[in-house]
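S.K.: Here are the chains, one letter per residue:
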Amino acid sequence: MGFINSLKESLGSWIDRIFKKKRAKIGLYGPPNAGKTTLANRILHDWSEGESLGVASPIPHETRRAMRKEGVVIHANGSSIELDIVDTPGMATKVDFKEFMAFGLTEAESKKRAKEATEGVIEAIKWLDDLDGVLLVMDSTEDPYTQVNVVVIGNMEARKLPLLIVANKMDLPNASPARIKAAFPQHAMVQISALEGSNIDNLYQAIAAHFG
Amino acid sequence: MDLISGEKLEKMTSMEKIRLILDKVKNGKIVVLECGLTSDEEVRLIEMTMTEIRVDEFSGIEIESYPSKKEGSFLDKIFGRTLKGRMTVIGPANQLRTIEKDKYQISTKVSVGD
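Each protein sequence line maps, in turn, to chains A and B. Just add 13 to wherever you are in the first sequence, counting from 1, and you've got this note's numbering. Just add 9 to wherever you are in the second sequence, counting from 1, and you've got this note's numbering.
Certain hints may be false.
[What the hints assert, rightly or not] Below, a sample of chain A positions facing chain B; criterion: calculated Cβ distance under 7 Å:
1) Thr106
2) Lys107
3) Val108
4) Phe110
5) Lys124
6) Thr131
7) Val134
8) Ile135
9) Ile138
10) Tyr158
11) Gln160
12) Val164
13) Gly167
14) Asn168
15) Ala171
The hints are simulated quantities; they were obtained by calculation from the structure and are not laboratory data. Ideal Cβ positions, reconstructed from N, Cα and C, are used throughout, including at glycine.
Kindly produce the complete structure, drawing on both the sequences and the hints.
M.R.: Here it is, written out as structure tokens:
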């Protein structure tokens with residue numbers, strides 16, 4: 014069975030390559046506060062008449078429901094690709110309401126946010142079953158060896174789905190994309206600032222190459 | 010702290026492993042898995058953890074393992090063999106803190122009676 018399954022997967026992969034699939038449903042994944050929503054908004058701003066998908070905030074778990082935008086057409090590398098973009102809630106292994114109180118939220122607000130955040134993590138996990146690829150957004154100023162990053166990468170590898178690492182927050186002085194590259198050398202990485210839009214064209218080219 | 014052998018884990022289903030880990034961690038234990046979990050089991054563990062988080066009781070888990078090794082060989086792919094998980098440490102989020110982690114070493118701090 015293993016041989017037959019492997020043969021089927023290889024054949025499917027070759028057919029995709031030959032006919033160059035031009036539509037893909039991609040998920041934006043990463044830990045809370047990595048800049049997923051800022052990046053989703055940047056992509057929509059550039060390719061979907063300035064729309065936005067959600068609100069970005071310094072308080073973790075601002076996005077607690079997955080948001081989807083269909084039919085975003087990106088032109089790069091002399092061709093175009095139509096994307097369904099899914100901005101997912103930040104993935105985490107723990108959610109402590111006291112963390113939100115440190116940002117000035119009341120206890121009641123913090124507890125409500127914590128409950129919704131746990132639901133959001135589950136929703137993000139469920140979406141993994143329904144995607145063609147993932148943009149894994151990492152904060153370049155943070156340690157890349159988080160379990161969330163390890164788990165998302167491991168899952169994409171197991172599913173044999175394309176993954177592109179986005180080293181975000183390059184506008185910050187202590188950003189270190191080299192640390193991310195050293196942690197996950199087997200995967201392509203593009204360094205950007207979603208906030209400022211710097212190097213964003215390189216990301217679009219990489220998206221077209223990876224998911225097109 | 011409980012160190013669970015690879016042999017024991019091999020005999021368990023994914024759900025049994027996840028239940029075992031969560032029950033121990035919720036009781037304040039640190040669990041070290043010799044062979045770790047598959048990436049799918051890890052994601053299911055996170056999912057189940059989220060359903061069991063309770064204010065002032067259980068805020069989640071700290072879980073650490075190494076990034077996956079390179080892809081398996083051509084023969085592994087032909088025969089559908091998947092890579093085994095790597096050594097993994099899991100504990101209550103309020104007791105286990107990761108200090109430093111890289112490709113080769115995980116440094117953690119365990120606090121008692123948070």
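S.K.: Honestly, which of those hints from before does the structure not fit?
M.R.: none
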